[in-house]
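Number of protein chains: 2
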Amino acid sequence: MTDGFIERCSAIVGPTNVLVDEHDTAPYLTDWRGRFTGRARAVVRPASTAEVAAVVRLCAELRVPIVPQGGRTGLVLGSVPDAAGDAVVLSLRRLNRIRTVDTFNRTMTVEAGCILQDIQRAAVDHGMLFPLSLAAEGSCTIGGNLSTNAGGTGVLRYGNTRELCLGLEVVTAQGEVWDALRGLRKDNTGYDLRDLYVGAEGTLGVITAAVLKLFPQPKAAITALVALATPRDALALLKLVEGECGPTLTGYELMSDVSLRLVASHFPDLPKPFPERYPQYALLELSSHESEAHGVALLERAIERALEDGLAQDAVVATSIAQSRALWAIREHIPLAQAAAGKNIKHDISVPISRIADFIETTDAQLEADYPGVQVVCFGHLGDGNLHYNVAPPEGIRHDDFLAEQGPINRIVHDSVAAHGGSISAEHGIGALKRDELPRYKSPVELQLMRAIKAALDPLGIMNPGKIL
Amino acid sequence: MTDGFIERCSAIVGPTNVLVDEHDTAPYLTDWRGRFTGRARAVVRPASTAEVAAVVRLCAELRVPIVPQGGRTGLVLGSVPDAAGDAVVLSLRRLNRIRTVDTFNRTMTVEAGCILQDIQRAAVDHGMLFPLSLAAEGSCTIGGNLSTNAGGTGVLRYGNTRELCLGLEVVTAQGEVWDALRGLRKDNTGYDLRDLYVGAEGTLGVITAAVLKLFPQPKAAITALVALATPRDALALLKLVEGECGPTLTGYELMSDVSLRLVASHFPDLPKPFPERYPQYALLELSSHESEAHGVALLERAIERALEDGLAQDAVVATSIAQSRALWAIREHIPLAQAAAGKNIKHDISVPISRIADFIETTDAQLEADYPGVQVVCFGHLGDGNLHYNVAPPEGIRHDDFLAEQGPINRIVHDSVAAHGGSISAEHGIGALKRDELPRYKSPVELQLMRAIKAALDPLGIMNPGKIL
Numbered sequence: 000m001t002d003g004f005i006e007r008c009s010a011i012v013g014p015t016n017v018l019v020d021e022h023d024t025a026p027y028l029t030d031w032r033g034r035f036t037g038r039a040r041a042v043v044r045p046a047s048t049a050e051v052a053a054v055v056r057l058c059a060e061l062r063v064p065i066v067p068q069g070g071r072t073g074l075v076l077g078s079v080p081d082a083a084g085d086a087v088v089l090s091l092r093r094l095n096r097i098r099t100v101d102t103f104n105r106t107m108t109v110e111a112g113c114i115l116q117d118i119q120r121a122a123v124d125h126g127m128l129f130p131l132s133l134a135a136e137g138s139c140t141i142g143g144n145l146s147t148n149a150g151g152t153g154v155l156r157y158g159n160t161r162e163l164c165l166g167l168e169v170v171t172a173q174g175e176v177w178d179a180l181r182g183l184r185k186d187n188t189g190y191d192l193r194d195l196y197v198g199a200e201g202t203l204g205v206i207t208a209a210v211l212k213l214f215p216q217p218k219a220a221i222t223a224l225v226a227l228a229t230p231r232d233a234l235a236l237l238k239l240v241e242g243e244c245g246p247t248l249t250g251y252e253l254m255s256d257v258s259l260r261l262v263a264s265h266f267p268d269l270p271k272p273f274p275e276r277y278p279q280y281a282l283l284e285l286s287s288h289e290s291e292a293h294g295v296a297l298l299e300r301a302i303e304r305a306l307e308d309g310l311a312q313d314a315v316v317a318t319s320i321a322q323s324r325a326l327w328a329i330r331e332h333i334p335l336a337q338a339a340a341g342k343n344i345k346h347d348i349s350v351p352i353s354r355i356a357d358f359i360e361t362t363d364a365q366l367e368a369d370y371p372g373v374q375v376v377c378f379g380h381l382g383d384g385n386l387h388y389n390v391a392p393p394e395g396i397r398h399d400d401f402l403a404e405q406g407p408i409n410r411i412v413h414d415s416v417a418a419h420g421g422s423i424s425a426e427h428g429i430g431a432l433k434r435d436e437l438p439r440y441k442s443p444v445e446l447q448l449m450r451a452i453k454a455a456l457d458p459l460g461i462m463n464p465g466k467i468l
Numbered sequence: 000m001t002d003g004f005i006e007r008c009s010a011i012v013g014p015t016n017v018l019v020d021e022h023d024t025a026p027y028l029t030d031w032r033g034r035f036t037g038r039a040r041a042v043v044r045p046a047s048t049a050e051v052a053a054v055v056r057l058c059a060e061l062r063v064p065i066v067p068q069g070g071r072t073g074l075v076l077g078s079v080p081d082a083a084g085d086a087v088v089l090s091l092r093r094l095n096r097i098r099t100v101d102t103f104n105r106t107m108t109v110e111a112g113c114i115l116q117d118i119q120r121a122a123v124d125h126g127m128l129f130p131l132s133l134a135a136e137g138s139c140t141i142g143g144n145l146s147t148n149a150g151g152t153g154v155l156r157y158g159n160t161r162e163l164c165l166g167l168e169v170v171t172a173q174g175e176v177w178d179a180l181r182g183l184r185k186d187n188t189g190y191d192l193r194d195l196y197v198g199a200e201g202t203l204g205v206i207t208a209a210v211l212k213l214f215p216q217p218k219a220a221i222t223a224l225v226a227l228a229t230p231r232d233a234l235a236l237l238k239l240v241e242g243e244c245g246p247t248l249t250g251y252e253l254m255s256d257v258s259l260r261l262v263a264s265h266f267p268d269l270p271k272p273f274p275e276r277y278p279q280y281a282l283l284e285l286s287s288h289e290s291e292a293h294g295v296a297l298l299e300r301a302i303e304r305a306l307e308d309g310l311a312q313d314a315v316v317a318t319s320i321a322q323s324r325a326l327w328a329i330r331e332h333i334p335l336a337q338a339a340a341g342k343n344i345k346h347d348i349s350v351p352i353s354r355i356a357d358f359i360e361t362t363d364a365q366l367e368a369d370y371p372g373v374q375v376v377c378f379g380h381l382g383d384g385n386l387h388y389n390v391a392p393p394e395g396i397r398h399d400d401f402l403a404e405q406g407p408i409n410r411i412v413h414d415s416v417a418a419h420g421g422s423i424s425a426e427h428g429i430g431a432l433k434r435d436e437l438p439r440y441k442s443p444v445e446l447q448l449m450r451a452i453k454a455a456l457d458p459l460g461i462m463n464p465g466k467i468l
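As given, the protein sequences belong to chains A and B, one line each in that order. All residue numbers for the first sequence refer to numbering that gives the first Met the number 0, where the first residue is 0 and numbers rise by one. All residue numbers for the second sequence refer to numbering that gives the first Met the number 0, where the first residue is 0 and numbers rise by one.
Simulated from the structure, these hints should not be mistaken for laboratory data. Only a predicted model underlies this, so the values are computations on that prediction, with no experimental measurement involved. One should not assume that every hint holds.
Since the list gives no way to pick one copy over another, a pair counts as held whenever it fits inside one copy or between any two copies.
Once the Cα atoms are required to be at most 20 Å apart in a straight line, the calculated EDC-like pairs of lysine to aspartate or glutamate come out as [what the hints assert, rightly or not]:
1) Lys441 to Glu21
2) Lys271 to Glu394
3) Lys441 to Glu175
4) Lys238 to Asp313
5) Lys218 to Glu299
6) Lys342 to Glu331
7) Lys345 to Asp435
8) Lys271 to Asp313
9) Lys441 to Asp178
10) Lys218 to Asp124
11) Lys218 to Glu367
12) Lys345 to Glu360
13) Lys271 to Glu331
14) Lys441 to Asp414
15) Lys238 to Asp101
16) Lys345 to Glu331
17) Lys342 to Glu303
18) Lys218 to Glu275
19) Lys345 to Asp256
20) Lys345 to Asp363
21) Lys238 to Asp363
I would like the entire structure built from these sequences, with the hints used as guidance.
Quick look at the structure:
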């Protein structure tokens with residue numbers, strides 16, 4: 000093309016930060032799971048908010064679509080360009096400064112390209128906790144976490160990324176800088192634009208910096224694994240522990256026996272927590288601001304009650320950091336064991352916590368009816384109503400062949416989610432992957448409201464086109 | 000007018016629920032503090048979401064401005080009509096059903112007209128806590144709380160109303176029903192429309208119902224009053240207590256000696272907590288999910304450390320419910336004592352917690368320079384960075400005369416708020432009262448974004464015109 004885009008971009012960010020050679024751009028074009036490779040005119044790597052704004056203004060002038068990108072660890076094809084090749088990838092990775100830490104206000108102001116793990120560490124260096132934690136934390140950026148409203152393992156106590164953000168700096172679709180880096184817990188001065196950009200997956204503007212909430216660092220974390228007869232007992236146990244332990248309960252994960260057997264078969268060296276097998280397991284984490292002894296006593300008392308009530312079948316409370324790590328390792332090895340077993344059909348869904356047991360029973364039964372012998376690997380953040388409900392082929396059917404059933408199986412699972420008042424994307428977002436499914440599960444009124452917002456804030460339609468809507 | 004509005008409205012809600020006589024409409028037209036009385040064509044009282052939608056469709060067709068109204072306890076003239084007389088007041092008070100309580104999901108689905116206190120009680124009836132709590136809780140409605148994103152005394156631990164809401168039902172400005180009564184902790188399927196309607200003060204649509212978060216009920220609440228030398232010590236004490244007590248700290252209020260002397264002079268029967276006077280006081284509340292003894296021990300340990308470190312000058316921990324109530328009574332009597340003393344110039348402001356001491360010092364000094372002898376009654380939710388920074392006349396000047404200085408004093412206080420990175424409305428909203436001040440403290444970019452949202456969702460401009468923008 001002869002619109003001078005590359006030259007003018009180079010004048011803004013410097014020629015070494017405008018990548019156009021196939022070899023240079025390749026790492027920015029393929030999604031994390033390697034399912035899709037897009038094309039782009041260029042990859043542009045600004046180093047400051049002002050440079051981002053100048054690039055966006057240029058793109059607006061020349062009508063160049065913009066695909067904002069952070070650590071590229073998203074799971075719904077939200078941060079890679081489509082196949083058209085007319086878009087520019089706007090990498091935020093060079094905006095990676097921690098601007099300030101304010102321990103009295105319990106806030107940290109960070110740029111969008113900061114790696115989540117670096118933010119966690121900076122918080123610890125100041126004696127504080129930044130509680131967002133998820134598998135990709137070594138690679139993902141906070142800009143991506145904000146744009147997808149990432150969840151993870153701390154949501155039960157601390158909320159999603161949305162709840163961890165007090166203020167934003169955003170480059171609008173017109174290339175203006177909206178500076179709202181406010182560190183305020185209370186501010187009722189107009190529309191909540193912050194939460195509109197959070198979770199918008201880069202389709203309304205570019206998040207360039209944020210004010211994050213920090214929390215006091217707990218003195219001890221205590222882990223327990225509880226064996227259960229049914230998902231329904233897992234719900235009752237959650238309610239019991241919440242009543243007994245209040246906000247010290249910081250994690251509550253559900254794992255099915257199928258999940259644990261899969262882990263055991265692929266990682267035989269991991270310890271077996273119980274001599275017998277049980278249908279379900281709950282992994283609990285308590286955080287005490289008092290002491291380890293306090294946390295252990297509190298958790299043991301709650302579990303004793305659950306054993307007395309017949310809610311729990313058996314339980315282990317970790318009495319060392321090594322034991323605690325071993326229990327969490329089981330949970331963390333489920334996705335790894337699944338990957339080792341072969342490709343499967345994944346779902347990141349949520350339903351009201353009270354309907355989890357119904358959802359599992361109904362959906363398991365319908366899948367078994369349509370696909371006899373199908374293996375459901377169900378685990379996840381029960382305390383948030385969020386399950387990773389993954390479907391693997393019956394024995395004897397090759398995983399790759401089974402992927403042909405992705406469409407009908409998505410339909411069964413997501414229709415069941417909708418029937419149970421749930422969401423087809425609990426923590427991953429919509430991106431390009433689930434975009435075409437959205438109209439089936441959103442009302443026309445909601446889609447129309449979303450389109451009105453999109454048209455109002457990005458009238459040229461240049462911000463991450465083809466994502467969400 | 001001859002547009003048939005009254006007749007067609009009557010056909011929707013029944014003639015007894017369309018009020019047009021001056022005598023009938025009067026209670027709906029004057030604001031809570033009695034500062035302003037507006038005019039309206041009619042007051043319409045629908046009983047269901049469908050009726051609300053039909054009324055809004057009619058108003059859209061005939062271009063009748065709509066002023067949604069709940070308990071009419073707002074403090075910024077957000078829920079009363081202006082003087083033009085062409086608007087209809089849409090009272091939501093008859094939508095007052097608690098639709099469902101889901102104890103496993105920890106949610107309650109309520110209609111907009113439910114009184115906050117009724118919701119609190121319904122939660123307690125189910126062994127749960129709905130933590131929103133504020134002075135007007137006996138009269139205000141949850142629809143108003145949501146529309147103004149109300150704060151109150153539980154924000155430190157539980158967040159503003161925004162954080163307590165999982166889902167909404169909204170009648171859009173076009174009279175369509177957006178049903179998003181989702182009880183989900185995680186849902187990343189598109190733009191966060193919920194948080195756009197929350198805090199929009201009825202200018203984008205009408206909230207008709209909501210899914211609220213419930214929490215386990217703590218077993219005991221422990222209150223303490225700590226005497227302090229400076230606001231700076233109050234910040235250091237907050238940090239210390241948060242570190243020691245973590246999320247059991249559920250309230251942290253600051254009160255100046257001026258505030259307490261005012262209470263003592265108007266309510267001499269209230270107990271004096273300390274034999275001596277101190278410049279500042281912090282009122283702390285801890286909530287224990289274990290026991291009263293646990294909470295007392297935890298709080299006493301933290302306060303002992305503060306006394307050892309010289310942060311605290313003296314302290315009392317309430318050892319009975321009566322003592323606890325007496326401590327809170329001091330705090331709650333500050334606005335009453337102010338009202339008894341005469342009118343004063345009120346500010347509901349927030350700054351980053353770390354800047355509270357600076358803000359108080361700077362602003363006190365500037366007011367004293369311009370108005371020698373001026374009395375600042377400063378108290379509020381220090382743990383949220385939210386102060387009620389109220390200004391009363393020097394001795395010898397009549398309160399009513401002093402009100403003439405409202406404009407210049409607002410300017411001094413709000414400019415200082417802005418210089419400290421704060422908000423001119425922490426928890427009350429903008430309404431009509433602060434609308435004309437907003438452009439001074441918001442950037443043109445932010446105002447433009449807000450106008451774009453308003454135009455996108457309410458293109459006819461019929462929703463609560465003249466409020467916020």
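Evaluated hints:
When the C-alpha separation of Lys441 and Glu21 is checked against a cutoff of 20 Å, the pair qualifies neither within a copy, at 39 Å, nor between copies, at 44 Å. Within a single copy, Lys271 and Glu394 get their C-alpha atoms no closer than 24 Å, and across copies no closer than 77 Å, so neither meets the 20 Å cut-off. In the homo-oligomer, the alpha carbons of Lys441 and Glu175 lie at most 20 Å apart only across protomers (15 Å), although the nearest pairing inside one protomer, at 32 Å, exceeds that limit. Taking identical chains as interchangeable, the C-alpha atoms of Lys238 and Asp313 lie at most 20 Å apart only when both belong to the same chain, with a minimum of 18 Å there against 40 Å between chains.
For the homomeric pair Lys218 and Glu299, the shortest alpha-carbon distances inside one copy (18 Å) and between copies (18 Å) are both at most 20 Å. Taking the closest pair of Cα atoms, Lys342 and Glu331 come within 20 Å of each other only inside a single copy of the chain (17 Å); across copies the shortest separation is 61 Å, beyond that limit. In the homo-oligomer, the alpha carbons of Lys345 and Asp435 lie at most 20 Å apart inside one protomer (17 Å), although the nearest pairing across protomers, at 52 Å, exceeds that limit. Proximity of Lys271 and Asp313 under a CA criterion of 20 Å is satisfied intra-copy only: 13 Å inside one chain copy versus 54 Å between copies.
In this assembly of identical chains, the alpha carbons of Lys441 and Asp178 lie at most 20 Å apart only when taken from different copies (10 Å versus 32 Å within one copy). Taking identical chains as interchangeable, the C-alpha atoms of Lys218 and Asp124 lie at most 20 Å apart only when both belong to the same chain, with a minimum of 15 Å there against 35 Å between chains. In this assembly of identical chains, Lys218 and Glu367 lie within 20 Å of each other by CA distance neither inside one copy nor across copies; the values are 46 Å within and 45 Å between. Proximity of Lys345 to Glu360 under the C-alpha cut-off of 20 Å is restricted to the intra-copy arrangement: shortest distance 18 Å within a copy versus 57 Å between copies.
For the homomeric pair Lys271 and Glu331, the shortest alpha-carbon distance inside one copy (15 Å) is at most 20 Å, but the shortest distance between copies (57 Å) is not. With identical chains, the CA atoms of Lys441 and Asp414 are at most 20 Å apart within one copy only, with a shortest distance of 12 Å there and 44 Å across copies. Only between protomers do Lys238 and Asp101 lie at most 20 Å apart by alpha-carbon distance; the minimum there is 12 Å, versus 36 Å within a single protomer. Taking CA atoms no more than 20 Å apart as the test, Lys345 paired with Glu331 passes inside one copy only; the shortest distance there is 16 Å, against 54 Å between copies.
For the homomeric pair Lys342 and Glu303, neither the shortest alpha-carbon distance inside one copy (40 Å) nor that between copies (58 Å) is at most 20 Å. For a Cα distance limit of 20 Å, the shortest separation of Lys218 from Glu275 qualifies neither inside one copy, at 33 Å, nor across copies, at 37 Å. Proximity of Lys345 to Asp256 under the C-alpha cut-off of 20 Å is restricted to the intra-copy arrangement: shortest distance 18 Å within a copy versus 61 Å between copies. For the identical chains of this complex, Lys345 and Asp363 are intra-copy neighbours only, at 14 Å inside a copy versus 60 Å across copies, given an alpha-carbon limit of 20 Å.
In this homomeric assembly, Lys238 and Asp363 never come within 20 Å of each other (Cα to Cα): the closest approach is 24 Å inside a single copy and 49 Å across copies.
Hints 1, 2, 11, 17, 18, 21, counting from the list given before, are not met by this structure.
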